[in-house]
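Participant: Listed below, chain by chain, are the residues.
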Amino acid sequence: MKWLELLTVAGATLVSAAIVVTLYSLGVRFTAIAADAQQASPGVKRSVAYVCFGLCGLAVCFGLYLIIPYFSK
Amino acid sequence: MVALVIALALFFDFTNGFHDTANAMATPIATGAIKPRTAVALAAVLNLVGAFLSTEVAKTVSGGIIREGSDGVQITPEIIFAGLMGAVLWNMVTWLKGLPSSSSHALFGGLIGAAVVGAGFSSVNFESLLQKVILPAVFAPVIAGLAAYVCTRLAYALTARHDPETGSKLTQKRGGFRTGQIFTSSLVALAHGTNDAQKTMGIITLVLIAAGSQAPGSGPQLWVITACALAIAIGTYAGGWRIIRTMGSGLTEVKPAQGFAAETSTASAILASSHLGFALSTTQVASGSVIGSGMGRRGTTVRWNMVGKIALGWLFTLPAAGIVGALTALLVKTGVVGVLIAAIAGTGAVLFMFFYSRKSSVSHQNAVEVEEAGQAVRFAKKKAMARARAEAKAKAQAAAKANNPKENQR
Chain A
87 MKWLELLTVA GATLVSAAIV VTLYSLGVRF TAIAADAQQA SPGVKRSVAY
137 VCFGLCGLAV CFGLYLIIPY FSK
Chain B
-10 MVALVIALAL FFDFTNGFHD TANAMATPIA TGAIKPRTAV ALAAVLNLVG
40 AFLSTEVAKT VSGGIIREGS DGVQITPEII FAGLMGAVLW NMVTWLKGLP
90 SSSSHALFGG LIGAAVVGAG FSSVNFESLL QKVILPAVFA PVIAGLAAYV
140 CTRLAYALTA RHDPETGSKL TQKRGGFRTG QIFTSSLVAL AHGTNDAQKT
190 MGIITLVLIA AGSQAPGSGP QLWVITACAL AIAIGTYAGG WRIIRTMGSG
240 LTEVKPAQGF AAETSTASAI LASSHLGFAL STTQVASGSV IGSGMGRRGT
290 TVRWNMVGKI ALGWLFTLPA AGIVGALTAL LVKTGVVGVL IAAIAGTGAV
340 LFMFFYSRKS SVSHQNAVEV EEAGQAVRFA KKKAMARARA EAKAKAQAAA
390 KANNPKENQR
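Chains as they are written, first to last, in the numbering used here: chain A, 87 to 159; chain B, -10 to 399.
Calculated from the structure, these hints are not laboratory results.
Heads up, the beta-carbon is just placed ideally off N, CA and C, and yes, glycines get one too.
A hint or two may mislead.
One-sided excerpt, in silico: chain A residues whose CB lies under 7 Å from chain B [said to hold, decoys possible]:
| id | residue |
| --- | --- |
| 1 | 98 |
| 2 | 102 |
| 3 | 110 |
Make a model of the complete structure from these sequences and hints.
Facilitator: What follows is the structure, given as structure tokens:
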């Protein structure tokens, strides 16, 4: 029985999904803060939000890179 | 015979595509992130791309469950034909019922049934069956559901905003998740393409090898890949609206943040499992994710009787497709006449179910109802929310009965 593989799949799923969701949620949160009315430095918050979205995109791209056999040859 | 099998295999691919549109696109349609028509078109294109991206899985899919060679059964086009017949018919039945069920399990079931008739029970490798079908069927929804639960919790915790002084709730501004859903659902559609189109490619290649028109051990030919990719894309575009309705609003109410979490979990589960070699069913992963995300948000109820119905459907998938496969194999055994009878009966059954479905058609028009209901709830004030929800539900039911789209007023 392939229990080890099952565990790996479960772990990989949990970790990767959590990373993507965390980054994206932080991005959403910073966008929300930046849009608030009285805000000291909306520009900084907004750029932090974009960095989060960008990292999230990178994480997804890395996942795709791992999966598509064309790249890993 | 070979041509007949290829045609049937492509039709199976088509049903697979339209059965599984829901996996990727039910939640964004339910939250209104993407318009239904656009959603299925997007899914179709991504399935097409995904089918070309990777052909590694193609041969490993059905291998091992049926003992091949000297001590088992020789895989012949006849057996594959019978197996496919079982799979296609079961896919149509579940679609009619609006149940998301695994196309790969239907395929396995059909092949097993056909092999049992062909060579008896000894031809089925039960250990391999347990390992490749039954265990994944139990764990796929659990893994995906757990991931979706955790992610939904995370997403809500990270975006919950309170006033630092008074502690009262601020506007949550979670609209960003809706945009995110477009990307995550695209990822699911892509993953589906890399996964599910492979099965049909593998089958057709198997037939070609068995018929002696292709060298054993070689990969799928280009025209096979193209045909399969097109079949699954067209199927996806046709859209199984009945299943979309079940997944989008039958299991639980889906909000953008939940949908985002569910889709991310689905995509990572599919990609991780196909990469690490423990194949999970797309459908089961997606259903698990939706349920998990429903449990993750406070104030959401999961409709457990619907979950039960779906689970029952999963339980029946293998034996039901197997029985049809076995019957077809019996017919095919009798010779050319039997093959003709089986082909005609199969076509007749598919056509009957298609016309039967016209009686209460579910199309992109009344699947829209889901989206509008979702939006009505979204913009309603908290107190009015329960009322709006009840109204929307009643309206959806009325619309389903009257069988024509109605506008939802805010």
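Participant: Taking the hints in turn, state whether each one holds.
Facilitator: Going through the hints against the structure:
1. The closest approach between the C-beta of residue 98 of chain A and any C-beta of chain B is roughly 4 Å, which is under the 7 Å cut-off, so the hint is satisfied.
2. Against a cut-off of 7 Å between C-beta atoms, the interface hint on residue 102 of chain A holds, since the closest Cβ of chain B lies about 4 Å away.
3. A cut of 7 Å between beta carbons decides the hint on residue 110 of chain A: the least distance to chain B is about 5 Å, and the hint holds.
The structure shown violates none of the earlier numbered hints.
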